Amino acid sequence: MQVFLDIVREYGFDFLEGTWLTVQLVVISAILGFLLAVPVALARLSDSRIVAATASGYSLFFRGTPLLVQIFLVYFGLGQFGFVRDSILWPLLREPFVCALITFVLNTAAYSGEIVRGGILAVPRGEVEAARACGMSTAKTYRLVILPRAFSICLPAYSNEVIILMKGTSLASTITLLELTGMARLAASATYQPIQVFVIAGLIYYLMTLIIARIFRVLEARYNRYITDAR
Amino acid sequence: MDNVVEYLPLLLQGLRTTLLLAVSTVVVGLALGMLLAMAKLSDHGWLKRPAYALTNFLRGIPEFLVLLVIYFGGTQVLNSILPPGTIEVSPFVAGLIALALIFGSYASETFRAAFQSVPNGQIEAGRAYGFSAWKTFRYIQLPQIWRVAIPGLGNLWQGSVKDTALVSVVGLDDLMRKSGQAAQSTREPFTFYLVASLMFLLITLVSMWIIGRLEKRASRGMAGVR
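First to last, the protein sequences are chains E and S. According to the numbering used here, the first sequence holds residues 1 to 231 in order. According to the numbering used here, the second sequence holds residues 1 to 226 in order.
Chain S with its partners taken away, still in its complex shape (with noise of 0.2 Å):
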């Protein structure tokens, strides 16, 4: 217990990082997986193939492979291009490109499914006020868009948190990789990595607490939904 009290300001450290990548990969990732959907339900096929193609080559992969290619074959790539040495990947942004793509991924079916709910009508009825496209989709498609994908988007959230510990093992300084240190350094590998997964915990239980309030203030105006 005074091993964890010594080594809590380390692991703090490492969460901050773990969480960092969480929220970044977020970001990323919805916009990808916006822009996957849209080219997924285009009207264009060379839009739509190469989307369905790589997303469904993504989702039926291991996400630590995904890692993996990102990590070691952006160095390879930088190196065959520049002299090597000059710039290395760092784990951080290959985890970000890696969760991001599979967050996208993932994310893109949900935006499609929520895109498909949005009855026909009311996007005619938004262009026959003499809304714009962007206006119809800003003001009409998204906000039930948005209803309709945040318990799947939720979901895709949390995995990608838990995701972010695979970063650790290409060397990012996240909670993974500062427990495995205090474990080594302690020979309590037990202790700290049952302390890394209460912290995993915490963060899954106050998310799930967040979606419901994001889940009932999205469903504000529909009847019946307390």
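Here chain E stands alone, though its shape is the one from the complex (with noise of 0.2 Å):
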């Protein structure tokens, strides 16, 4: 015990400071994905075949393979091409956190536009009827109807998405980005106390496990009110 104790006086700032940048790449991720998301989804269930098979071919590519691959292939690939090594976007595409960013959004938004397409295929197919039947346009019936509908079909799905995603900002530590992990290690080598410095990172994330869950609770309870509240 007294072991932990040491460790938290001595690096409890460094895990703080990991925790931060990990919860920055999850909010960020998380956020950026799910407007991409959405596109993706409506791309997979386009009526023209090329958009829905690009659509298709992307979804499968960032959903079967490891992101450790997809994480590598941003940040050790890109530099590969004489291009991009002259765009002017290159002093951005060399930080270690722009190309994290890039991975996990794209990623993340290969396995959440599956699950929207999921919520939009499951909209009662009465209320479209009815939406067109009103007069609405089809833009109209997918903003008013579809996709707020779809969007609290969702939730629950989106949540543990949300915390895969969350894991796999660990993986971020192999391209030199101090997050929680980073941090760990780091802390790990310099104490030669693994066990003790790995649960304790552990722990944080487990408690952010419980955090992502719970925000999603409320927000189902939120936006799911229209249901609970007719019962």
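Any given hint could turn out to be false.
Which residues of chain E face chain S? A few of them, derived with a C-beta cut under 8 Å, are [what the hints assert, rightly or not]:
| # | residue |
| --- | --- |
| 1 | Gly64 |
| 2 | Val69 |
| 3 | Leu78 |
| 4 | Phe81 |
| 5 | Leu171 |
| 6 | Thr181 |
| 7 | Ala188 |
| 8 | Ile195 |
| 9 | Gly202 |
| 10 | Tyr205 |
FRET-style restraints, in silico, Cβ to Cβ [what the hints assert, rightly or not]:
| # | chain 1 | residue 1 | chain 2 | residue 2 | range |
| --- | --- | --- | --- | --- | --- |
| 11 | S | Ala31 | E | Tyr223 | 38 to 44 Å |
| 12 | S | Leu19 | E | Ala53 | 25 to 31 Å |
| 13 | E | Ala190 | S | Val206 | 40 to 46 Å |
Far from chain S, by Cβ distances over 10 Å, these chain E residues were calculated [what the hints assert, rightly or not]:
| # | residue |
| --- | --- |
| 14 | Phe4 |
| 15 | Ile7 |
| 16 | Asp47 |
| 17 | Leu60 |
| 18 | Gly77 |
| 19 | Ile88 |
| 20 | Leu121 |
| 21 | Ala131 |
| 22 | Thr138 |
| 23 | Val199 |
| 24 | Arg222 |
Rather than coming from a laboratory, the hints here were simulated on the basis of the structure. No experiment lies behind these values; they were computed from the predicted model shown. Here a beta-carbon is modelled for each residue, glycine too, at the ideal position from N, C-alpha and C.
Quick one: dock chain against chain with the hints and give me the complex.
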């Protein structure tokens, strides 16, 4: 027990700093990823074969390959191309933080796209027909009926995806980012007490999992209130 | 492209390690998942509570962190018992333990749900016919559990294959690490990580096909299932 307290006293601030970076990665990736997931889902459902096939290919690639390969592809891979190195974006694309974000956004959007697609397909047909019968255009039907309904249907599945995303951010430590896992790796090699250090990091991650689950329970209660209140 | 052909044997060697680790993970993980599911369904609190605590915790923290604990923590433990340097934890063994623990944690939930899907009456009927507990499990519960559990287990397998890539970080000579070596010596990281990702994609696609076949086969006794 004494060992744990010593580690917390010595590295407490590093753990907090790492946790803060993890939170940033999760929140930014989740928001951008969700915004990208909606067009991905719509593209998957598109009548145009080319659009639908492109979206399926994207989704298959990011869901069928390890996140680690994707991170390395972006962080180490992009520099292979001269036009990338010469572009004005290169100073940004060289940053591990930016590369990690790009990968997490693309990855989570592929998974969330499937969730959103499932949500859109689960909207009762009658509601869509009713909207059309009221004279709404396709765009308006989507905006006012289908997407809000799909959103509330998706929420439970989406909370799992955000937890998976949070766990995935630990891989950012492989490209030198000092988020929670990165900080823990440093502390572990400095103290020669890996078990204690990683257990502390694990408890912080577990706490974040519980918090994410709680946030989504609140969101679900709010966005599904038209169902729960009716009962 | 020439480089890819040149390094292909190296990559295939890595692919073999990746597949070996993934298959071993599933074998150990299935057994572990079944035991944990039984513990969760047991009437004894001292079996039930630790099983839930362990699996909930393992499912709530990053897979990568579990691997780091097992690999570096294993070395720490061994060094404290034995004189340092006698035995080292191999990346393969550490990876196997970590991934099997994760697989087992998730599989225990799949199995638990599957166990509960078999109606109690069938188990009672089995016992009434004089089946032993083992026979009831083997001939009545297991075939039905298997059918319900396959889709979930299939997803877990796909996850395990992808998680093996993490073990390259602690030094396993798998597909990921071999690709990294090829990427470094040829200075074509994009090419080689892309080749690695395509190989992973191929495993995913072949697995999808096999899982589909298994699902069909396991459901052959069900009415209305093609």
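Structure-based check of all given hints:
1. Gly64: Since the shortest Cβ distance to chain S is 4 Å, the answer is holds.
2. Val69: holds (5 Å)
3. Leu78: Holds, about 7 Å.
4. Phe81: holds (7 Å)
5. Leu171: holds (6 Å)
6. Thr181: Since chain S brings a Cβ to about 6 Å from threonine 181(E), closer than 8 Å, the hint holds.
7. Ala188: holds (6 Å)
8. Ile195: holds (4 Å)
9. Gly202: holds (4 Å)
10. Tyr205: At 4 Å from the nearest chain S Cβ, tyrosine 205(E) passes the 8 Å test, so the hint holds.
11. Ala31(S) x Tyr223(E): 38 to 44 Å: holds (41 Å)
12. Leu19(S) x Ala53(E): 25 to 31 Å: The hinted range 25 to 31 Å holds for leucine 19(S) and alanine 53(E), with Cβ atoms some 29 Å apart.
13. Ala190(E) x Val206(S): 40 to 46 Å: holds (44 Å)
14. Phe4: The assertion about phenylalanine 4(E) holds, with a minimum of 14 Å to chain S.
15. Ile7: Correct as stated: the minimum Cβ-Cβ distance to chain S is 13 Å, above 10 Å.
16. Asp47: holds (25 Å)
17. Leu60: Its Cβ does come within 10 Å of chain S, the nearest being 7 Å, so this is violated.
18. Gly77: violated (3 Å)
19. Ile88: holds (20 Å)
20. Leu121: holds (18 Å)
21. Ala131: Holds: least Cβ distance 34 Å, greater than 10 Å.
22. Thr138: Holds: least Cβ distance 33 Å, greater than 10 Å.
23. Val199: violated (7 Å)
24. Arg222: holds (24 Å)
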